[in-house]
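Chains A and B, in that order, give the protein sequences.
What the first sequence shows, in the working numbering, is residues 3 to 209, in sequence order.
What the second sequence shows, in the working numbering, is residues 1021 to 1708, in sequence order.
Careful, some of the hints might be misleading.
[To be verified] FRET-style restraints, in silico, Cβ to Cβ:
hint, chain 1, residue 1, chain 2, residue 2, range
1, A, Gly23, B, Val1703, 20 to 30 Å
2, B, Phe1177, A, Leu109, 46 to 56 Å
3, A, Leu162, B, Tyr1693, 22 to 32 Å
4, A, Gly159, B, Gly1700, 20 to 30 Å
5, B, Ile1694, A, Leu110, 18 to 28 Å
6, A, Gly23, B, Trp1194, 52 to 62 Å
7, B, Leu1213, A, Gly23, 49 to 59 Å
8, A, Gly23, B, Gly1700, 23 to 33 Å
9, A, Leu110, B, Tyr1693, 26 to 36 Å
10, A, Gly159, B, Ala1224, 50 to 60 Å
11, B, Met1021, A, Leu110, 53 to 63 Å
12, B, Trp1194, A, Leu110, 46 to 56 Å
Quick caveat, the hints were computed from the structure, so don't treat them as lab data.
Here a beta-carbon is modelled for each residue, glycine too, at the ideal position from N, C-alpha and C.
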Amino acid sequence: MTTLLPTILFLLLLNNLVLLGMSRLRGLIRLTAFQGILLTALLLCLDHALLAGAVLLIKGLLLPGLLMRTRKGLHAATSLKPRLHRGLGILAGMAGLVFSLWLEARLLILPDLFPPLLLPTALTTLFCGLILVVGRTTALSQVIGYLVAENGIFLLGVPLMTAGAVWFELALLLDVFVAVFVMGIAIHHIGETFESIDVGRFRSLRD
Amino acid sequence: MELFLTAILILAAAALVTALLAALASFCPPSAANCRTANCLGSCCAALGCLTGLCAVAAGPWDATLILELPWGLPAGALVLGLDPLSRIFLLPVFGLGMVCAVSGGLSLRHTSPREHNLGAHWFFYLLLLLGMVVVMSARDAVLFLLAWEIMSLAPFFLIDFNDGDSKVRDASWVYLVAAHLGAVALIAFFGLLWQSAGTTSLAALQGGQALREAGPGVLAALFILAVLGFGAKAGLAPLHVWLPEAHPAAPSHVSALLSGAMINAGLYGLMRSLNVLSALWIAPEWWGWSLLLLGLATGLMGILKALAQSNLKRLLAYSSVENMGLMFMGVGAGLIGQSSGNAWIALLGFTGALLHMLNHAGFKGLLFLCAGEVLHATGTVHMELLGGLQKRLPLLGAAFALGAAAIACLPPLSGFAGEFVLALAMLDGPSLPGVERQMGLLLALTGLALISGLAAALYAKAYGITFLGEARTGFAANAHAASWRTLWPLGLPALACVAGGLLAPLFFGLASFTALNAAPLPDGLMAGALEARAQVRGSLGMVSLLGAAGLCLALALLLARRLLLRRRGAPVARTAQSVQTWGCGFQAGTPRIQYTDASFSEPLARVFAPVMGLRVRRRQVSGLFPDRAALNVTAPDRLRSGLFTPLFEAVERLCNACKIIQHGKIHLYILYILATVVGLLVWGLHT
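Full structure from sequences and hints, please.
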C-alpha cells in the first residue's frame, strides 16, 4: 500500500495548484471534495481505517454537500472575481511549495517520523489554503480556503498520531464541521442582508 | 515594623471596604446613607492608618534599619519592605499630611450630594494613593517599587477628576495622566537597565553602588539621565512641570494639599535613592551635581516668576510648589558637588537643606492648600481679583493663611527659614572649592536662591494681601460664609508644624543631617569636617530659634498688655483707635476699585522679567488731561505647554493616525498580515 503514497501526495499537490487556478465556485467545491477523498486514500495507505471512514464522511461528502447547498441558496454569480490574478495565485502556490521544501530541510524533526514528501505537501496545502483566503473575494471561497488550510494541518498531524491522538483528530474534525456549518448559516444571512457576499463590501463594519 | 505593617493593613482594609461601598453605590440608586458611611469610614480609617504609621515611623531609634520580607507570588522581584532614615523622613509628610487631609476632606465633603459624587470611589482612590506612597517609600525591591509607583501615579487621576462635570477638570486630569506615564516610561527603562547591568532587583543589594562597580561610565550616565527624567516628571522639574499647574487647581483642596505636600516628594525620594545606588561614595561624576543644581535653579526661578503672574490662588500655590521642588533639587545638586570635590560642609548642608526644606514644605504647603480650599468653600471662587477683605469675615482662616504665607516666605522664626538658611549656608562655602568656575557657579546659585526667596516673599505678600486684606472687590468676597472652628480645626496641625519647624529647627536639622549622612555617606576623611559643620549650623539655628521664640513671646506679651490696659481704662475700642478703610490712600470716599489688584502687584516684576519668562502684559493707560478708563492685565501663558508639548503630541497623533492605513477593514488582507508574519518569523528563526 505504501507504494501508492507518493502518487497520492503528488495528486494532492496538483489538486492544490488547480484549486488556486479554478475560477468557478462549483469547481472549487468539487476539488475540495476530491481533496477529502485523497486524504481518505492517504489514511488508508497509512493503515488508519477508522479515521479514513470519518474523513471520507465529513471531508468528502458532508462539508462539500453543505457548501453546495449554500451556494445554490445564494444564487451568487457562479464565476469568481479573484482579487489576485489566477496566474499569480498559482505562482504564489508554487512559491509556497518551494518555501515548504526549504523549511523541510531546515526544520529539526525526528528522522523517521514523516514519510518522504509528506511534510512539504502538508505545508503547501496549508499555504495554498491561506492564499485562497487572501486571494478570493467571496465569503464562500474563504470558507473553502479555511478548509484547505485545515487539511494541511490535518496532514501534519497524521504521522504524529498514536492510538489516543485519533480522538484528538476526530475532535478537530468535529470542530471544523461545526465551524463550517455556522459559517454557512452566517454567509447565508450575510448574503440576504447585504445582497452580496463580497468581503470587500464588509468594510462598513469596521470602527 | 509590626506597627508599620498594621498601618498598611488598616489602609488596605479601608480601601477594600470603600471599594465595596463604591460598587454598591454604582449599582444601587444613590443613597445619602451610603454616601455618609463612605465619607466617615474613608476619612476616619485613612486618619487612623496614618496615625499608626506616624507612630511606627517615630517609634524606635531613627537610625534603626528594619527589613520585612513577605511571600511574593510573582516570578520577578520580592515583597520586601524596609524602614531606614531616608524612608522615615519621607514617610513623615506622607502620614502627617495624609491624616490632616483625610480629616479636612471628610469635613468638607460631608454635605456632598450622593447623586453628584460617588464618595466611596473617592475615598478608595485616596486610600490607594496613600498606600502607593507608603509602599514606594518603603519598598526595597525595584519591581515592588515600580508597581507601587504605578498605583501612586494612577490614583490621583481619579482624585483630580472629582468634579468631572467640568471639561477643564477632565482636561487637567488627562494632562496629569499623560505626564505621569511619560515619567513612568523613563522609570521602567531606568529599572530595566539597572536590572540588566547589576543583575538584581533588590535595592538593598544595590545600595552603596557596589553592584554597579563594573558598569561603564556610559551606562551610569544613561541611568542618571533616565532617573532625572522619570523622577523629575513626578517632582515637577522644568520642563516636565506642566501637569502641576493644571492638576492642582482642578483637584479638591485636600487632594491638592496631599499631592503637593507629599506625593511630589516621591520624585525627590526616588532621585536620592537612585543616587545612592548609582554613585558609590565619592565617585559620582561632577557634572551630575552641576546639572541638578542648574535644573533646580531654572525650575525655581521659572516657578516663582510664573507664580507671581497667576490670579488663581490654587494655581499660584501649584507654581510655588514647582519653585520649592527646584530649591530641593538645588540642594541635592550642591550636595553632589560637595561630595565629588571633597568638601564636607557643602555635601552635608546641601543634602540636609533639601531634606529639611522638604519637611517644612509639606507643612506650609499643606496648610496653604487647605486654606485655599476653605476660601473656595466660603466664597465659591479662588480667583484673587474677585476676592479681598476676607480677613474681617474669616479671621481664623486669615490667620492660618498668614501663618503659612509667612512661613513659606522664609520669615525667621517660622519653618521656611530653616531649610533655605541651610541651603544658603551650603552655597556660601562656594569660594572654598577648587577652580574659579566652581566658585562662581555656586555663588551665582546662591544669588539665584536669594532672588527666589525674595520673590517668594513678594508672592505671598500678594497672595495674602489681595485675598485677605483690603475691601471686598465683588459679591463673592462680600457674601462669604463664615467658617467656624469646627471645620477649621484640622488646619491646626500643619499650622503647628509651621511654628514648630521654626522653633525646633535644631531638632529637625539634627534629624535631616543624620538622614543625609546615612543616605549619602561621606568618605571617612570628611566625616570629622561634616560633624563639625553639623554642630556649627545647629548652634546658629538654635540661636535663631531662641531669638525667634523671644520675639514671639514679646509680641504676645505686648498684645496681652494692650488688651489688659484698654480693658482697665474701660474705654471702647472705637474711641481710642479710629477705624479707616485699608489702603484708602487718603481718599475721602474710597471704593474697592482703587485697591491694588493682583496684576498691579506683579506688573513691576513683569516689566523686568517679561521677555525671559513669557509673561504677557496688556496695559491701557490714561491719556489726556481727564481721567479715563484704564486697564492692566498680566498673564503667564505656559509657553512650554503651547510651544513644546502641544506640537509634540499633535505630531505623535498625526503619526498614529497615519498608521491607520493598515487598519482598512479588509479581512483577507488582515489574514495576509498573519501569513506574512508567520512566514517571516519562520524564515528569521530558521535562516541560520
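Do the hints match the structure? See the list:
1. Under the hint 20 to 30 Å, the C-beta atoms of glycine 23 of chain A and valine 1703 of chain B, about 26 Å apart, fit the expected range.
2. A hinted range of 46 to 56 Å for the beta carbons of phenylalanine 1177 of chain B and leucine 109 of chain A is consistent with their spacing of about 50 Å.
3. As the Cβ distance of leucine 162 of chain A to tyrosine 1693 of chain B is approximately 29 Å, the hint placing it in 22 to 32 Å holds.
4. Between glycine 159 of chain A and glycine 1700 of chain B, the C-beta spacing of about 24 Å keeps the proposed range 20 to 30 Å intact.
5. For isoleucine 1694 of chain B and leucine 110 of chain A, the hinted distance range of 18 to 28 Å is satisfied, since their beta carbons lie about 24 Å from each other.
6. Separation of glycine 23 of chain A from tryptophan 1194 of chain B is about 55 Å and conforms to the stated range, judged on CB atoms against 52 to 62 Å.
7. Range check, leucine 1213 of chain B to glycine 23 of chain A: about 55 Å between beta-carbon atoms, so the 49 to 59 Å window is met.
8. Take glycine 23 of chain A and glycine 1700 of chain B: their Cβ atoms lie about 26 Å apart, and the range 23 to 33 Å holds.
9. For leucine 110 of chain A paired with tyrosine 1693 of chain B, a C-beta distance near 28 Å keeps the hint of 26 to 36 Å intact.
10. In this structure the supplied range 50 to 60 Å holds for glycine 159 of chain A paired with alanine 1224 of chain B, their Cβ-Cβ distance being about 52 Å.
11. Between methionine 1021 of chain B and leucine 110 of chain A, the C-beta spacing of about 54 Å keeps the proposed range 53 to 63 Å intact.
12. Hint check: tryptophan 1194 of chain B to leucine 110 of chain A, Cβ distance near 52 Å, so the stated range 46 to 56 Å holds.
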